[in-house]
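Letter by letter, the chains look like this.
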Amino acid sequence: MSVLESPSSALETPGLASNSASPERRRSPWPRFLLGRILGGVGAVFGACTLVFIMIAATGNPIRLLLAGAASDEEIARLTAEHGYDRPVLVQYLVFLRDVATGSFPPSLRMGVNPFGPVLTALGNTLALTILAIIIGALAGLVIGYLTVVLRNRFVVNALLTGIFALQAIPSFFLGIVLVLLFGLILPIFPTSGSGTPLHLVLPALTLAAVVAPGIARVFRTSLLETLGQDHVLAARAKGTPAAPFLRRHVIANALAPVISLLGVQSGSLLAGAILVESVFAWPGLGALTVDAVTNQDYSVVIAAVVVIATTFVTTTVLADIVVAILNPQFRVER
Amino acid sequence: MDLILEDGPLLRVENLSVSFGRPDALTPIVHGVSFDIRAGECFGLVGETGSGKSVTGLSIAGLRSPHSGIQTGRVSIGSRQLPEARDTAAMRAWRRDEVGVIFQSPTTALNPRLSVREQLIEALPRATPRGERTRQARELLDRVGVPRATERLDAFPRELSGGLAQRVMIAMALARGPRVLIADEPTTALDVRVQRHILDLIDELRQDLGLAVLLISHDIGVVGDRADRLGVLRSGHLVESGDTARILTAPADPYTRALIEANRVEGAHTAAAPTGNEPPREPLLEVRDLTKRFRRAPRRGPVPPAAVDSVSLSIGRGESVAIVGESGSGKTTLARMITGLTAPTSGALSLAPQLGIAPANPRIARAQYVFQDQFSSLDPRWSVAAQLSEPLKNRGISGDALPGEIGRLLGEVALDPALATRYPAQLSGGQRQRVGIARALASEPDFLVADEPVSALDALVRAEVVALLDRLRRERHMTLVLITHDLSIVSALSERVVVMRDGRIVEDAPTHTVLTSPTHPYTRELLEAIPGTRIAALNSPHPLPER
Chain A
0 MSVLESPSSA LETPGLASNS ASPERRRSPW PRFLLGRILG GVGAVFGACT
50 LVFIMIAATG NPIRLLLAGA ASDEEIARLT AEHGYDRPVL VQYLVFLRDV
100 ATGSFPPSLR MGVNPFGPVL TALGNTLALT ILAIIIGALA GLVIGYLTVV
150 LRNRFVVNAL LTGIFALQAI PSFFLGIVLV LLFGLILPIF PTSGSGTPLH
200 LVLPALTLAA VVAPGIARVF RTSLLETLGQ DHVLAARAKG TPAAPFLRRH
250 VIANALAPVI SLLGVQSGSL LAGAILVESV FAWPGLGALT VDAVTNQDYS
300 VVIAAVVVIA TTFVTTTVLA DIVVAILNPQ FRVER
Chain B
0 MDLILEDGPL LRVENLSVSF GRPDALTPIV HGVSFDIRAG ECFGLVGETG
50 SGKSVTGLSI AGLRSPHSGI QTGRVSIGSR QLPEARDTAA MRAWRRDEVG
100 VIFQSPTTAL NPRLSVREQL IEALPRATPR GERTRQAREL LDRVGVPRAT
150 ERLDAFPREL SGGLAQRVMI AMALARGPRV LIADEPTTAL DVRVQRHILD
200 LIDELRQDLG LAVLLISHDI GVVGDRADRL GVLRSGHLVE SGDTARILTA
250 PADPYTRALI EANRVEGAHT AAAPTGNEPP REPLLEVRDL TKRFRRAPRR
300 GPVPPAAVDS VSLSIGRGES VAIVGESGSG KTTLARMITG LTAPTSGALS
350 LAPQLGIAPA NPRIARAQYV FQDQFSSLDP RWSVAAQLSE PLKNRGISGD
400 ALPGEIGRLL GEVALDPALA TRYPAQLSGG QRQRVGIARA LASEPDFLVA
450 DEPVSALDAL VRAEVVALLD RLRRERHMTL VLITHDLSIV SALSERVVVM
500 RDGRIVEDAP THTVLTSPTH PYTRELLEAI PGTRIAALNS PHPLPER
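Going line by line, the protein sequences match chains A and B.
First residue of the first sequence: 0, per numbering that gives the first Met the number 0; consecutive thereafter.
First residue of the second sequence: 0, per numbering that gives the first Met the number 0; consecutive thereafter.
No lab work stands behind these hints, which were simulated from the structure alone.
Heads up, a few of these hints could be off.
[Said to hold, decoys possible] A partial selection of chain A residues facing chain B, derived with a Cβ cut-off under 8 Å:
1) Q229
2) H231
3) L233
4) A234
5) A235
6) R236
7) A237
8) G239
9) T240
10) R247
11) H249
12) A252
13) N253
Every residue gets a Cβ at the ideal spot worked out from N, C-alpha and C, and that includes glycine.
Generate the whole structure from the sequences, applying the supplied hints.
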């Protein structure tokens, strides 16, 4: 309670005076926080890679799985030795870790090259889609949430709330298909498949934004209503603060905190949602790449993709945590 | 500023009525309340929870939401009229220029996200340059007695103690030089000594600035000490109003009389002297050098001092002891260690052996806890019968014997046994606290620890619960440990007082001695800060000197 307490407060609370840290000695919480988050993130990526390795090792010799029945035993043994699958598991694990750290994965069976480059390209496409979806979804969610609180027309508010609820109940791939039909057949303004122009991003981004918006709208609505009921909002009104700064500084800014936390949690899992949407719109992202690789049993690509997805997921989550912390006054250090 | 006649009232409230709800289903809250306040005068408004006193204050301040219900009557300050609720610009100007408001809970009335500087600057005229406003903000903090104002400007609300936060709140209310100050329970959330400092500050500002002060409180002791005139509000009706001394000595309304009586009975200034022939008690609980040190919060400052620091204490069987202290004095931590809810860091604690049942954690069953907050200490999804049957089942009472035992317990705390089927939300505050006491009794404890058992209750209910605890203690010869920050209920309930400060015991003596001749200066200060001096003086044969 009393980080800033000082001898002068002895006037009222002598007990706290001895409890105090003088302002000069107040250390910034940032270095410790950042170090903790980054180390935690590195640990999570390491753990994810290890899990991938264990799952592959547990399914047996990949060469045998791939060529069973199609090649002679001698041939399989030769290929196994060539790819190093006959070495002790620990050696394989260390080699695997080295590959991951340097980004040099074994050549893809289909592409014939290190799949790291293509995976990164696909990641770029996925990130473009996800970030655009988050921006659209968050803005739409905030606006809808705000409207449901300030509008006084009960009918409109109920319509908005029902709409949000319905949107949340529709699976994104179904919404995607509906959009494809709508814009492909009836209203051909946006391309419904593939990539190439920025316009290709519109429909997949809208579909994915529909996943983001309802949650944001509902959390923001609840948070706004809660903030409006707080004493400090009444106190700010008592000061005669004009409407615009009153809403901005005392209501909206305060109500944003849980929304930002939610975005942080969602941004990670949205990567997973992107996979479905990408396949509906044939958007060349990580999702499509991974699904293809799994179908073709292209291990090298699967490994590269999973490692990249895990790293992206962890990075996004850590970044979101840091953004939440920046916006939290608890972390502000004296100017 | 209008020209005001020398003695004419500044704030006039005429026939103010407020109703809540939709236009087709209005619930009246305030019924035709009228009063006025002169410049430099303090008018006190007393009433229980739900009496409409806060709604009256908010209506005058122009802070009621324009969308909930309707408000009729006339409110004016000088020649200026309270504008129509629909006229938002005029209403904002009214709030900004005419009225300053102080709220009950200072820590939640400040925006946690903004520094003191930001919040003060916002209250000052926007046309003034920022640098000048910072200077004015610093002056305001100086004016309300915030030490080291320059540094405090950059503090966030969570870094301020309750008293400091309330001073900042007062500075904010004064920023635009209002003529009327509305203080809605300004000290209810504060410790008794801090309460005194804040009320002193309001008095001083009222005199220096000629403010008309509307002091709203549930505590007739507080209002009686400070107000020149007072009004008593009950169910939205002003049942009585007039000169404070006249009302305190000769209340016309029975309700006012009951309020004054409830306060006087609790008055700490009278306590029976020990007769000197009580038999020596066999010790029930022995505590030696008990210490509790909480781990410091991560990333925060140096190691804090021990919450409880080498406390030694002996409590006899059947004795009633009050542990008194302010927030942070360690009284609750001590109580929790005694009952086995918190493990001590070091020290010894022994409980006299006792016959009977031996459940999993013997100490918890032998000590029972009555909590301050009767809302959160009863499970909202359990009926009263269910709340009570759990400890009874632990004692091996079950089946057919249960309903009878539950009825007996409810009877013992003076509740209608028909309430057994109700849920906590369907009970009043006083009824809930009685259920809490019955639940504690259900375990047949050796001793009862009551942690601020009445501080969340209205005056009349509070007196009833105190009387109930006193009766139970006498009838059951029960050992009672009362934890409180408020010396005024001690005389009614306790034979002995232990005063704690900063985790240590500073005084431990019979109640009569502590209340009449305290040895420690801190105890004296606590005693002097108790509100209700005027009521006590008016009613006691030896009036206390004016302080």
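Comparing the hints with the structure gives:
With 8 Å as the threshold, the beta carbon of A/Q229 comes within range of chain B, its nearest partner Cβ sitting at about 6 Å, so the hint holds. For A/H231, the suggested interface contact is upheld, since its CB lies about 4 Å from the closest CB of chain B, less than 8 Å. Given hint, A/L233 at the interface with chain B, holds; its Cβ is 6 Å from that chain's nearest Cβ, closer than 8 Å. With 8 Å as the threshold, the beta carbon of A/A234 comes within range of chain B, its nearest partner Cβ sitting at about 4 Å, so the hint holds.
Hint status for A/A235: holds, given a least beta-carbon distance of 7 Å to chain B, under 8 Å. Hint status for A/R236 relative to chain B: holds, with the closest Cβ pair at about 6 Å, below 8 Å. Taken as an interface hint, A/A237 checks out: its beta carbon lies about 4 Å from the nearest beta carbon of chain B, inside 8 Å. For the restraint placing A/G239 at the interface with chain B, the shortest Cβ-Cβ distance is roughly 2 Å, inside the 8 Å limit, so the hint holds.
Interface restraint check: A/T240 against chain B, minimum CB-CB distance 6 Å, threshold 8 Å, status holds. A distance limit of 8 Å between C-beta atoms decides the matter here; for A/R247 the minimum to chain B is near 11 Å, and the interface restraint is violated. Hint status for A/H249 relative to chain B: holds, with the closest Cβ pair at about 6 Å, below 8 Å. Taken as an interface hint, A/A252 checks out: its beta carbon lies about 6 Å from the nearest beta carbon of chain B, inside 8 Å.
For the restraint placing A/N253 at the interface with chain B, the shortest Cβ-Cβ distance is roughly 5 Å, inside the 8 Å limit, so the hint holds.
Hint 10 alone, counting from the list given before, is not met by this structure.
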